[in-house]
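Chains as they are written, first to last, in our numbering: chain A, 5 to 283; chain B, 216 to 669; chain C, 119 to 417.
Errors might be hidden in some of the hints.
Partial list, derived from the structure: chain A residues whose beta carbon lies under 10 Å from chain C [claimed, not checked]:
#1 L51
#2 G108
#3 R109
#4 V257
With a Cα cut of at most 20 Å, we get these calculated SDA-like pairs of lysine to any residue [stated by the list, open to error]:
#5 K111(A) <-> R412(C)
#6 K571(B) <-> I279(B)
#7 K515(B) <-> G414(B)
#8 K111(A) <-> P258(C)
#9 K476(B) <-> P258(C)
#10 K111(A) <-> G405(C)
#11 K368(B) <-> G414(B)
#12 K289(B) <-> K476(B)
#13 K515(B) <-> W139(A)
#14 K289(B) <-> N47(A)
#15 K476(B) <-> R129(C)
#16 K111(A) <-> P271(C)
#17 K476(B) <-> T282(C)
#18 K394(B) <-> Q406(B)
#19 K400(B) <-> K545(B)
#20 K624(B) <-> A665(B)
#21 K515(B) <-> N228(A)
#22 K476(B) <-> K111(A)
#23 K476(B) <-> P271(C)
#24 K545(B) <-> W139(A)
#25 K400(B) <-> N417(B)
#26 K624(B) <-> A370(B)
#27 K624(B) <-> A668(B)
#28 K471(B) <-> T253(C)
#29 K550(B) <-> T347(B)
In short, the hints are calculated from the structure, not lab data.
Given the structure is predicted, the values throughout are model-derived calculations rather than measurements.
By construction, the Cβ of each residue, glycine as well, lies at the ideal position given by its N, Cα and C atoms.
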Amino acid sequence: MSGGMSGPIRRSASARRLVAIGVTLIVLLSPFLWLLQMSFKSNDLILQFPPPLIFTPTLQNYASLWQGAFPASFVNSLMSASFSTALALILGVPAAYALSRWAGRGKHALSFAILVTRMAPPIAFTIPFFLFYRWIGLLDTVTGLVLVYTSFNLPLVIWMMQPFFETVPSSLEEAALVDGASTRIVFLQIVLPMVAPGIAATAILCFLYAWNDFFFALILTRTNARTAPVAVVNFMNYEGWEWGKIAAGGSLVMAPVLIFSLAVRRYLVSGLTAGAVKG
Amino acid sequence: MTKKNSGHKSAAVSRRTLLQAGAATIGAAAFPMPVIAQTKPFAGVTLRGASFQHRFFTLLQNYIPEFEAQTGMKVDLQLSAFPVYNQQANLELSSGGSAFDFVNVTFILAARWVAAGLLANLDEFTGDPNLTPAEWKPKDFVEGAQVPYRDAKGATYGYSWEGGAMVMGLSRMDLMEKKGLKVPKTFAELQQVCAEINGVENVTGIVSFQLHHWCLPPYIQGFGGNIFRNPPTDIMPALNSPEAIQAIEFYANLLKNYAPKGVLTYTEDQARQALLTGRSNIFIHSSAWITPILMSGDSKVKDTSRVVRMPAGPVRDFPAANSQGLGIPKNAKNKKAAWEFIKWALSPEISMRLVKEHGHSSVCRRSVIESEEYRRLNTVNGQDLGALYLEVLGLPAKGENYMAYRTVKEFPIVGDVLNKAFEQVATGQLPAQAAMNAAQEQAIANMRRAGTAL
Amino acid sequence: MSGKGLVDAERRRFNVFALAPSLIVLFAIAGLPAIYLVVTSLTPFQLVNPGSSTDFSSPLRNYRLLPDDPRFVNSLWVQAKLSFWGVLFQVLLGMLLALLLHTQSRVAEFARTFFLIPMVLPPIVVAIIWKLIYTPDISPLYYAAGLLNIAMPSLTSSVDFALTAIIIADTWEWLPFTFLMVLAALQTIPDEFSEAALVDGANRFQIFFYITLPFITPILVISGMFRLIDSVKAFPLVFLLTGGGPGSVTEVTNYYAYLLAFDFNEIGYSSAVTIVMLLLVVAVSFGVVWMGRRREAMA
Numbered sequence: 005m006s007g008g009m010s011g012p013i014r015r016s017a018s019a020r021r022l023v024a025i026g027v028t029l030i031v032l033l034s035p036f037l038w039l040l041q042m043s044f045k046s047n048d049l050i051l052q053f054p055p056p057l058i059f060t061p062t063l064q065n066y067a068s069l070w071q072g073a074f075p076a077s078f079v080n081s082l083m084s085a086s087f088s089t090a091l092a093l094i095l096g097v098p099a100a101y102a103l104s105r106w107a108g109r110g111k112h113a114l115s116f117a118i119l120v121t122r123m124a125p126p127i128a129f130t131i132p133f134f135l136f137y138r139w140i141g142l143l144d145t146v147t148g149l150v151l152v153y154t155s156f157n158l159p160l161v162i163w164m165m166q167p168f169f170e171t172v173p174s175s176l177e178e179a180a181l182v183d184g185a186s187t188r189i190v191f192l193q194i195v196l197p198m199v200a201p202g203i204a205a206t207a208i209l210c211f212l213y214a215w216n217d218f219f220f221a222l223i224l225t226r227t228n229a230r231t232a233p234v235a236v237v238n239f240m241n242y243e244g245w246e247w248g249k250i251a252a253g254g255s256l257v258m259a260p261v262l263i264f265s266l267a268v269r270r271y272l273v274s275g276l277t278a279g280a281v282k283g
Numbered sequence: 216m217t218k219k220n221s222g223h224k225s226a227a228v229s230r231r232t233l234l235q236a237g238a239a240t241i242g243a244a245a246f247p248m249p250v251i252a253q254t255k256p257f258a259g260v261t262l263r264g265a266s267f268q269h270r271f272f273t274l275l276q277n278y279i280p281e282f283e284a285q286t287g288m289k290v291d292l293q294l295s296a297f298p299v300y301n302q303q304a305n306l307e308l309s310s311g312g313s314a315f316d317f318v319n320v321t322f323i324l325a326a327r328w329v330a331a332g333l334l335a336n337l338d339e340f341t342g343d344p345n346l347t348p349a350e351w352k353p354k355d356f357v358e359g360a361q362v363p364y365r366d367a368k369g370a371t372y373g374y375s376w377e378g379g380a381m382v383m384g385l386s387r388m389d390l391m392e393k394k395g396l397k398v399p400k401t402f403a404e405l406q407q408v409c410a411e412i413n414g415v416e417n418v419t420g421i422v423s424f425q426l427h428h429w430c431l432p433p434y435i436q437g438f439g440g441n442i443f444r445n446p447p448t449d450i451m452p453a454l455n456s457p458e459a460i461q462a463i464e465f466y467a468n469l470l471k472n473y474a475p476k477g478v479l480t481y482t483e484d485q486a487r488q489a490l491l492t493g494r495s496n497i498f499i500h501s502s503a504w505i506t507p508i509l510m511s512g513d514s515k516v517k518d519t520s521r522v523v524r525m526p527a528g529p530v531r532d533f534p535a536a537n538s539q540g541l542g543i544p545k546n547a548k549n550k551k552a553a554w555e556f557i558k559w560a561l562s563p564e565i566s567m568r569l570v571k572e573h574g575h576s577s578v579c580r581r582s583v584i585e586s587e588e589y590r591r592l593n594t595v596n597g598q599d600l601g602a603l604y605l606e607v608l609g610l611p612a613k614g615e616n617y618m619a620y621r622t623v624k625e626f627p628i629v630g631d632v633l634n635k636a637f638e639q640v641a642t643g644q645l646p647a648q649a650a651m652n653a654a655q656e657q658a659i660a661n662m663r664r665a666g667t668a669l
Numbered sequence: 119m120s121g122k123g124l125v126d127a128e129r130r131r132f133n134v135f136a137l138a139p140s141l142i143v144l145f146a147i148a149g150l151p152a153i154y155l156v157v158t159s160l161t162p163f164q165l166v167n168p169g170s171s172t173d174f175s176s177p178l179r180n181y182r183l184l185p186d187d188p189r190f191v192n193s194l195w196v197q198a199k200l201s202f203w204g205v206l207f208q209v210l211l212g213m214l215l216a217l218l219l220h221t222q223s224r225v226a227e228f229a230r231t232f233f234l235i236p237m238v239l240p241p242i243v244v245a246i247i248w249k250l251i252y253t254p255d256i257s258p259l260y261y262a263a264g265l266l267n268i269a270m271p272s273l274t275s276s277v278d279f280a281l282t283a284i285i286i287a288d289t290w291e292w293l294p295f296t297f298l299m300v301l302a303a304l305q306t307i308p309d310e311f312s313e314a315a316l317v318d319g320a321n322r323f324q325i326f327f328y329i330t331l332p333f334i335t336p337i338l339v340i341s342g343m344f345r346l347i348d349s350v351k352a353f354p355l356v357f358l359l360t361g362g363g364p365g366s367v368t369e370v371t372n373y374y375a376y377l378l379a380f381d382f383n384e385i386g387y388s389s390a391v392t393i394v395m396l397l398l399v400v401a402v403s404f405g406v407v408w409m410g411r412r413r414e415a416m417a
């Protein structure tokens, strides 16, 4: 990738191109920015047209959210996303390593099965999960959500980590093995540190997917384990939509993933493309 | 002796909590809580209930600390958005869940829940004088509002907290008078008024909202048709009768020609806003949504508004009535405590306080609605809204029970088909005849698939 | 030799320990539900009637009903339209965007991250964002149209525009994905190719069509297929923007299955609908894997 970075096509960005990039960015992000500015407006201002570009921002929408049940849903989201990410990594990383080093015949079939699990529409899991949870009492619990999220995060980990393991030269491992180290030691002490960026990228994606889930949480939670995305929909009232609160809620729900993604953008890019680019 | 003492204590506590909560103390003094329990029999019980968000519950939450102080139980009332609540509660009850001790019995789901035996029979509670004192008077609830919560044998599974009596609100009588138009009394006049007003000063003739299977049946019945052939006994759908087709065409035309853009996806609130700001002249819906044009501070059209009976059809005059009620899931863990709560929330005292302290007038107790106090508060510009409300709510119980179609447990299936078919007509995808023929076929197929023998 | 055998045995043991927990968990949380789904799809299971969950008297009933259910057939058609246009726009616009940003500049590199924002947002927030744009009362879009004296129909309740409205929102949300993929592919094109072409006097378009495009075609196809599979999952947009309406204009199969199971409680029938959807997804996934392997073989 870093081979011929000095080609004439990519060497310099003309001013015109930079302007084009800037304009495209603004146009593309304008719906998102609209939500953001709305969250700082009072309801009267929201309904005011033409929309005032300069206004005194108010935090009243956010403040009113903080008094309701919203913070609890935020914590639920945080817990279910973190725990399912951890669980998926603990289970999936060794499995991905084993698969990447496995030349056995069932490999392709197994990879395919894992991919399908990842691709299946959520509704396929919700019905059985709902009935099963109902039966053993996991409905409306964070544990229940963690399990469900693991059902799509575990395949993701296995699928995404394999290419990273494949980039680790096997000569390194063989040298260690010849020295008498066990595979477990080789894996933990030599291979794992080398794929740390891959693990980070994978973890980010797992967290993102779990945090962003709406469908499972809608069906499998009631009130105790309600997550932030479902809680936001709750501001769409029977008796009138509280636009300011909806906008503030939406902004809050997207804040963690946004901050997170921008902070680790390098990993994010490799994470988002890894599984797919490798094919 | 001890009994009496603790009774005093609980009253004192209740009053103190009330002060702390900042709720109106005058109300509490005027209507002391009935002494339900001398000791606190429910101490330590956490009562879990759920409903969709509605002003009634928001107001009730102001009073709940009193109830908690009185009974010792803790009330955990979870309010969700309307579609979220319905979906979750329906799932919860249908799968025999016990997560909730009391639930809102949403009107559209009432028939299904009652028929499937998902709710507890409340007659067991009202019939026991130890559980329900005579003053509570179950018969005090307006008959029309109670119909949805009764099974075929007449047992009661819910008590209503909100009555929806379909009335017509007109916001721009000034424009109508200028044009020499009178309040429309028939469908034909309704169409004429809509046509004449639409476009004048940017006002639309009519506004409505997305629950077509609620707004539409009065027209179907007005032209002489019905949803089913003869509910509740003969539940063969009758969606493609000539009367039904005529009604669909009529109502679709109203919305197509004289309503604001996007009216098909309007929520109730959007429609109410259109009426209250005078952007639309007519809105026909439950009184709770209409009377604010006369009573709410948000109304910009107080002086030019009227609230009246909806127009009559050429054949029949059947304004719809509905209600929302409270019930107890069959598998609830704390049924007695739940009943204690329902009894309290729907007591004459609380109903009266809601009316007096908050102007919340869509309560269902006849004694309250007929009281002097209520009449005084709900008579605006010479219009006695209470009488109108009571009249419409009571109609189905008087003559033919025309709301019987709602007590058919398959109604949600047919209502959904009707909704889709109406949208197809109103958006011009299909002519009424074709849409309703297809709807009839699909309603039958869906009912059969769901196991209904026809 | 025996030492190598020992190492192999040790490696196998490690593999078993590494793989087994994942496979067991996957089987429990994905395999079993899938089996259950298949079994349930053979019953007329309704939640309110628990006995019906084990009624296998007419196992293929649900599947026989499917072709005659106009809503199901329509939902497949709606899904096809949504997927086709959505994927097409995402691939095309994603490619254009990637070409635009395929340049060496600190600024462009910095901007790149911000182009990813729509994709990382929670889908429900994306739906809220577009709800704000599509609600006439508060939308800047309608205000602007009003200034220009254009009578804009209510997009989400119009037969002609409701699906388009969803496609626009979906494209906005997932455009960054194809953009990112194509950009990654562009960066692997050896510059010598285009340098040589430039020397030969080729213009920009010729370079694009004869060098760049062939190079990125596989990635276009693969990212398109990934998006195709994921487009079946479109739920929050439909849920919040249109609710499947007006009529059934935007009712995709996933949404219909959701309504059947969780609004009408027809678990059995909904399972059958879901199975059909699952089979379609498996077919496309198979295509992705096949494409990927062909690429590997070619490389």
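Out of the numbered hints, which ones does the structure contradict? 3, 8, 11, 12, 13, 14, 15, 16, 19, 21, 22, 25
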